[in-house]
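Chemist: Here are the chains, one letter per residue:
Number of protein chains: 4
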Amino acid sequence: MNSFGRIFRLTSFGESHGAAIGGVIDGCPAGVPIDIELIQQDLDRRKPGQSHITTSRQEADRVELLSGIFEGTTTGTPIGFVIRNKDQHSADYSNIKDLYRPSHADFTYDQKYGVRDYRGGGRSSARETIARVVAGSIAKQMLATQGVKIQAFVSRVGEVELEKNYQELDLGLTETNLVRCPDPETAAKMIARIEDAGRNHDTVGGVISGIATGIPAGWGEPVFNKLHADLGFAMLGINAVKGFEYGSGFSGTRLAGSEHNDEFVPGENGIRTLTNHSGGIQGGISNGEDVYWKVAFKPIATLLKEQNTVDVYGNAAVINVQGRHDPCVLPRAVPIVEAMAALVLADHFLLSRVSKL
Amino acid sequence: MNSFGRIFRLTSFGESHGAAIGGVIDGCPAGVPIDIELIQQDLDRRKPGQSHITTSRQEADRVELLSGIFEGTTTGTPIGFVIRNKDQHSADYSNIKDLYRPSHADFTYDQKYGVRDYRGGGRSSARETIARVVAGSIAKQMLATQGVKIQAFVSRVGEVELEKNYQELDLGLTETNLVRCPDPETAAKMIARIEDAGRNHDTVGGVISGIATGIPAGWGEPVFNKLHADLGFAMLGINAVKGFEYGSGFSGTRLAGSEHNDEFVPGENGIRTLTNHSGGIQGGISNGEDVYWKVAFKPIATLLKEQNTVDVYGNAAVINVQGRHDPCVLPRAVPIVEAMAALVLADHFLLSRVSKL
Amino acid sequence: MNSFGRIFRLTSFGESHGAAIGGVIDGCPAGVPIDIELIQQDLDRRKPGQSHITTSRQEADRVELLSGIFEGTTTGTPIGFVIRNKDQHSADYSNIKDLYRPSHADFTYDQKYGVRDYRGGGRSSARETIARVVAGSIAKQMLATQGVKIQAFVSRVGEVELEKNYQELDLGLTETNLVRCPDPETAAKMIARIEDAGRNHDTVGGVISGIATGIPAGWGEPVFNKLHADLGFAMLGINAVKGFEYGSGFSGTRLAGSEHNDEFVPGENGIRTLTNHSGGIQGGISNGEDVYWKVAFKPIATLLKEQNTVDVYGNAAVINVQGRHDPCVLPRAVPIVEAMAALVLADHFLLSRVSKL
Amino acid sequence: MNSFGRIFRLTSFGESHGAAIGGVIDGCPAGVPIDIELIQQDLDRRKPGQSHITTSRQEADRVELLSGIFEGTTTGTPIGFVIRNKDQHSADYSNIKDLYRPSHADFTYDQKYGVRDYRGGGRSSARETIARVVAGSIAKQMLATQGVKIQAFVSRVGEVELEKNYQELDLGLTETNLVRCPDPETAAKMIARIEDAGRNHDTVGGVISGIATGIPAGWGEPVFNKLHADLGFAMLGINAVKGFEYGSGFSGTRLAGSEHNDEFVPGENGIRTLTNHSGGIQGGISNGEDVYWKVAFKPIATLLKEQNTVDVYGNAAVINVQGRHDPCVLPRAVPIVEAMAALVLADHFLLSRVSKL
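Protein chains in written order, with our numbering: chain A, 150 to 506; chain B, 150 to 506; chain C, 150 to 506; chain D, 150 to 506.
Certain hints may be false.
When chains are identical, the list treats them as one kind, so a pair holds in a single copy or across two.
[Claimed, not checked] No more than 27 Å apart at the CA atoms, straight line, and that leaves these computed lysine-lysine pairs for BS3-like:
1. K313 - K338
2. K338 - K235
3. K298 - K454
4. K505 - K298
5. K454 - K313
Just so you know, these hints were derived from the structure itself, not from any lab.
A quick note: this is a predicted structure, and the numbers were derived from the prediction, not measured.
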């Protein structure tokens, strides 16, 4: 249950305060040119300590590729990789070893497994997403050979919302500010909102938007594995995610069918739609238009504030978490959203090769 | 790609105008008492022609169980079943054989497969969900032996919203009205809204809410297969679904972490939480509280109105769909939401048996 | 655990004395022309009552295809099918309901599941292989479009052995005699051997050989899913099978490496090998030469003789099985061997499409 | 396609001359005490250079466990591990970079993938089995908690055969000689036979026998995943394996049914069988008796002799492999046979927990 995908398939391992985070990418076809620097760039976008609005923990997070790549190209054999854990202050956790942090996975892990690596959340830590970013970056490189591009950005922090559609934005600006919002004005407000949360020893949630362009018509499966169902599954598997919508989403349910339907029109390079409420997916299969979606992130549960809770024996207790934590997960989650989308699309690209004789 | 689940696993088959819809349920443990009448009740909640606010098509949809049940009890072997298709007016579709219906799967199926059963949407028809309702009903019967109960209801139609929380409602009232909303007053407004859409030859969307009670702490998987990720995947695989959220959902992202966290408290029968923004799931694993979620359904794409589109040769065309269609999918989708949730929970119940030695 | 294959995937259901045997073939690509008569021919080769050396039970075994095929061609959607059970004398089994037949699955099923359909072996009956023959026949038809052909024949019955290599035989003669041995002289001896067993109310085992031609180099997977590992897995899943070998097999282990190695030579249409001890597979992947293998079948456990055994309460008992049974499973198992090989090769054909970019 | 198992699941990675061999064990339940020394002992039984009848390559092969184990016990989370490659003489292979070694995977890998890590066989090297030995050792430790024990030994080298049944042997003697045959007299002859092969710059094959004791009745699946089918699949996935049989195997097919059937008898601790031609498995499910099987290994293809072959351009060539190689794979394959059997049984142990309500 630590694998993702059917053909292009990531198996992930590792706890936050164990020796390493790592994984195996199985099913990546031979012949994909791999630039390890691009992987590192995505890891750097995810890493802590990258700015004053993220945690000040310093984790270099350098990936070591152990197999499956020979002379710069994938060989079709599994790609094993590890990222060593460093600068892990396990001692920070000894005082909360017997306490259940509210809205964390401590209690539920104990219920499921009976034992638990209590240091920093163990397997439930968002450090695990490092493995996803590595695999997603390799998936992106494969998808790039097909003209497919995936971009995510922060579209809301608390109440601060980016009001524009993605078509009105220059997504090239996403990486020009700390919060990863492609609209500089909104970005500034978002940063202020996060600073405010940090000052209050509190946390703030929000929304990340994702867009995939260049997907040809015909990717996806008709019934359970609709392209958007796999995308939603991928997004909901990211830590702190509470919701997913694609295309017209929840608000589209308020339209009449006659307003919502996307009229087909003849296009220069084939059939197109006039509008795109469908979010590029009809009947679970891509139609050649842009695929876009939104992901809701709750405010992080780790607060630098006193909270009421219980201990592992079921007695009322007070918890006071120490350490270096993010007031807002969204800026660092942008590459994770992209990575998970890339894994889904890589898989469906390969599945599309076996749909007809 | 037509299977759902890992241990408790449904494989579905069938097109709307082929001989039958059916499936195989593999991995249902031996010893589950099965009441076929309960399956039929769920099918009857899904079937067309059940009221004046659904399509007037008459489909009896009687399930035949072919294997895996002996003397009223599951034997642990696969449960095969079929539901014969009847009253299918294939001729209704001959005039649209060469046209792509807007926001339908006609175009994308052709792109993926090169061929297509054009009668009534073929495999993309919502008739396929019959197989899910059968399997889900068997899953519900297994879950009932564990004290787990799943209930869904319509909570919004267009702009008509049920403002109460599920705790304030008597869910026993859900089946007392045509629209399956447990609040009679709101139900009446929803029915009027659907009648209105029908009169305009248009369609209307909305939201279905689901609740599962009685789930013990410890069900779910930590990373990709978080309980809510599997639930979301299940919901997003239902026809016409555009979004999913659980617990505090999209609106919870506007709260501060200190407001959003669920305080643990000692309870009579173990550890409980004071609030339940977590929706009964923490770190992907159930914590013993109620699991609840919402599903967004777009307005149905089949309109009894003239629409612009293209034909299969890429030329502009006008389409005029005939036949008997629903103005609103939501009332009939309630048992489908329950069924898909039941499949997810059945699987996680079995997975929970192998998490510790 | 009732599914076989990864992309081209059969899920089977049904008990011998239930309503039907059936299955779902998922992952068959769109565009394969299907001749239902070829499926029926394979079923007829498997069916009981086909000659005086098989059981005299009459089972027509007519397949009904329920989905996934439209206007004579696969559509890429799952192919559901059923074969109704008829002429099942359930009453034959009432007297052995509480007895464990020696070397049958009665005892082990009870241990695993706690309940059991005791009529005719239930799910453990070889009637289940009907589903495999149907799916295998469809796989064969897909493979035929790629020039791949699979043929099996009986090469030993008891001590009566076919001494020739498959290259010295005219495999076109296989279907010209009741025992399905392509050498008429040996066939006559085999038939006499089976008649002898029948007269003694006893049973006899033997070996079936299989050959697949036309497989291009490059099918198979390097590690766990070596082409021969998947073939062996497929064969060992057939009822009554006790062993599997491919290429030089057990006897090849007596050769020196220098005798066993297959020398590469330049060929007109690419690289060939001078000998073929490798059985067409090197490192788990096909090399373009013929793939061949052998399967050991034990003598059937159902004897029309008195035998000592125990009852379900653990007491010593005597069993006396009645009914119409085969003295030798081999003639009817030939199409099953072919079917299972076809499923394996169909899957690897599709997997070969995703091994390089 | 580099994963093995359904619940207890190994995913393996690594090439012989890459950075490392490693893997991830997913699905190992929480609460299994792990002794890393036992893993190392199994690795030492597999490692090269352990005696004068194996290759003189020195590979320390020390495993590093990276996750999933906390304070000496499994936590239920995935167990990642790596074994660094050392003492790899990549230069030994530069002269055969453009040649296809006879009966090796060089040619078929190129056909499948288009590219290939030519150093020492890359992924097709038996070094990959290190990952299996690590995972198998962990599986053995879990099975030991259930009273299940797996032992393998060499039962034939070339023509030198161990004539006794496993019941007549003291399996405790297996590790007392270099060839791992529990009969000292036969072991001496086997060693002489291997020395002889080595002197001739040739290689020799043979047979390994395996036995699993302590398996309760009820493990296994009825149709495709019969316990022996999974065992056979596991064995046939080991490098150089050409055949598999269990219980009475190929020779049992020469018995009459009345000789072959295993009579049930009442036993002190439940139902037993008088004989065990069934090899402890009936209808694919364990019956509580010993499970035993045999595996055929071909003579290793790597000869220190001149051989005719072709180059990658299809031209005739002569190959002269250098380096340090085993004249006989069998002594070092004993722990691999045990490991693969352990993986199968671990999986079926967990599956047995979900077969009844």
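Chemist: With 27 Å as the alpha-carbon cut-off, assign the pair K298 and K454 to within, between, both or neither.
Modeler: neither (41 Å within a copy, 37 Å between copies)
Chemist: Measure nothing new, just compare the shortest in-copy and cross-copy C-alpha distances for K313 and K338 to 27 Å and report within, between, both or neither.
Modeler: within (15 Å within a copy, 34 Å between copies)
Chemist: Using 27 Å as the alpha carbon limit, work out where K505 and K298 are close: within a copy, between copies, both or neither.
Modeler: For K505 and K298, the Cα distance is within 27 Å both inside one copy (25 Å) and across copies (20 Å).
Chemist: Is it within a copy, between copies, both, or neither that the alpha carbon of K338 lies no farther than 27 Å from that of K235?
Modeler: neither (33 Å within a copy, 54 Å between copies)
Chemist: When no copy is specified for K454 and K313, does a C-alpha distance of 27 Å or less occur within a copy, between copies, both, or neither?
Modeler: Neither: 35 Å inside a chain and 32 Å across chains, both beyond 27 Å.
In the structure shown, a violation is registered for the earlier hints numbered 2, 3 and 5, in ascending order.
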